[in-house]
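Undergrad: Below, each chain spelled out in residue letters.
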Amino acid sequence: MLTRRGLLTKGGLALAGLALPPLAHPRLSGAGGAGAVVEIRMRSDDRGAEVWFDPIGVRIEPGQTVRWIMASPGNPHTTTAYHPRNANHSLRIPEVAEPWDSGFLINPGDRFEVTLPVEGVYDYFCLPHEAAGMVGRIVVGRPGGPGTQPFDYFVGRPGTGDWGHVPVAAQERFPSVEAIMALGVVSRRVQGGHQVRESTVSRHDER
Amino acid sequence: MKRFGPAALTMATLLLAGCALGGGATMTAPPGGQYQKVSALAPLPDFIPGLGTLYVDPKTLPAGPFLAYDRQGTLVSSVYMVPVKDLTAHKAFENLAAAPAKVDHVDLHYNAGHPGVAEPHYHVVIWYVSPEKAAAVK
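If you're matching them up, the sequences are chains A and B in order. The first sequence begins at 0 in numbering that gives the first Met the number 0 and counts up one residue at a time. The second sequence begins at 0 in numbering that gives the first Met the number 0 and counts up one residue at a time.
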């Protein structure tokens with residue numbers, strides 16, 4: 000997996016020397032297809048009561064790049080793969096894939112990106128907001144791997160005793176693999192002040 | 000109202016049980032003493048829209064108080080951060096420090112978490128300025 004990150008400042012990232020061109024599309028830069036960069040915004044409301052990845056679920060092709068962009072002033076976020084190397088979180092990306100951890104993105108416009116060559120399901124979270132349910136899911140090519148398993152799949156298996164459980168609030172926010180495969184992009188929707196699991200959806204080629 | 004019951008009780012505890020911080024020294028930034036700028040302790044911006052520039056004595060985390068200053072360096076509020084899990088566990092917070100300033104109004108906000116208090120919690124904001132001036136802390 001390839002990762003690109005900007006200048007590290009006090010635990011956070013600021014973009015430096017990463018001359019990204021203006022986007023031709025708000026969420027899909029480049030000419031489209033396998034070479035396009037898929038963009039995910041890291042958002043919150045003004046008071047930090049609601050936090051979310053936008054979109055929360057995407058389907059991409061092997062070798063495609065995902066770019067997270069900080070879009071909430073005053074409320075830092077991370078994008079961090081579910082992997083034991085990230086503070087003993089449970090493994091929810093393909094076994095042979097490299098985990099990522101962006102560190103804190105502090106300023107609006109800060110960004111972090113990874114290229115994902117290995118097929119499968121990749122679950123990730125925001126470090127300070129995991130307990131509040133700020134998580135996301137990427138399906139690369141065909142779904143497979145630990146991310147397709149129940150959240151407690153590892154219980155009782157050797158070597159997993161110190162793995163942490165996915166918080167209930169986070170479990171409830173993941174879009175289903177089926178919805179991502181069928182629709183390409185899954186965005187969160189607010190109903191009655193609460194996030195719902197999956198909802199307003201559009202395909203890459205419709206946005 | 001039911002939803003805010005525990006937080007309201009905690010706020011009352013804070014107001015009744017607080018002990019004063021060191022006089023006028025806290026009214027302008029930096030407050031001195033053991034207080035440190037929050038952005039030097041955790042990966043947060045120097046100025047947080049809606050709150051201001053925050054200082055805290057690390058020994059008091061997570062509750063605080065966090066002393067909040069506007070862009071001119073004037074104390075505008077004290078913020079207490081109370082984890083939701085502590086409220087539901089009926090945990091008490093007693094003898095928290097308080098700034099020697101006249102309280103104008105109080106806000107209680109749910110917050111999903113942030114570096115330093117990375118879990119859902121309530122902000123109990125004791126404002127020393129009017130709602131209009133509080134809204135201008137941007």
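Read the hints as simulated data drawn from the structure, not as lab findings. Being a predicted model, the structure only gives us computed values, none of them experimental. Each residue gets a CB set at the ideal place from its N, CA and C atoms; glycine is no exception. Some hints could be false.
[As the list claims (entries may be wrong)] Only some residues are given here: those of chain B computed to face chain A with a beta carbon under 8 angstroms:
1. 97
2. 99
3. 100
4. 104
5. 114
6. 117
7. 118
[Unchecked claim] To list a few chain A residues with every Cβ distance to chain B over 10 angstroms, as calculated:
8. 45
9. 49
10. 61
11. 64
12. 75
13. 102
14. 105
15. 106
16. 130
17. 163
18. 176
19. 181
[As the list claims (entries may be wrong)] Partial pick of chain B residues on the chain A-facing surface, computed with a CB cut under 7 angstroms:
20. 48
21. 87
22. 91
23. 92
24. 94
25. 110
26. 111
Undergrad: When the hints from earlier in the document are held up against this structure, which numbers fail?
TA: Hint check: 1, 2, 3, 4, 8, 9, 12, 13, 14, 15, 16, 21, 22, 23 and 24 fail, others pass.
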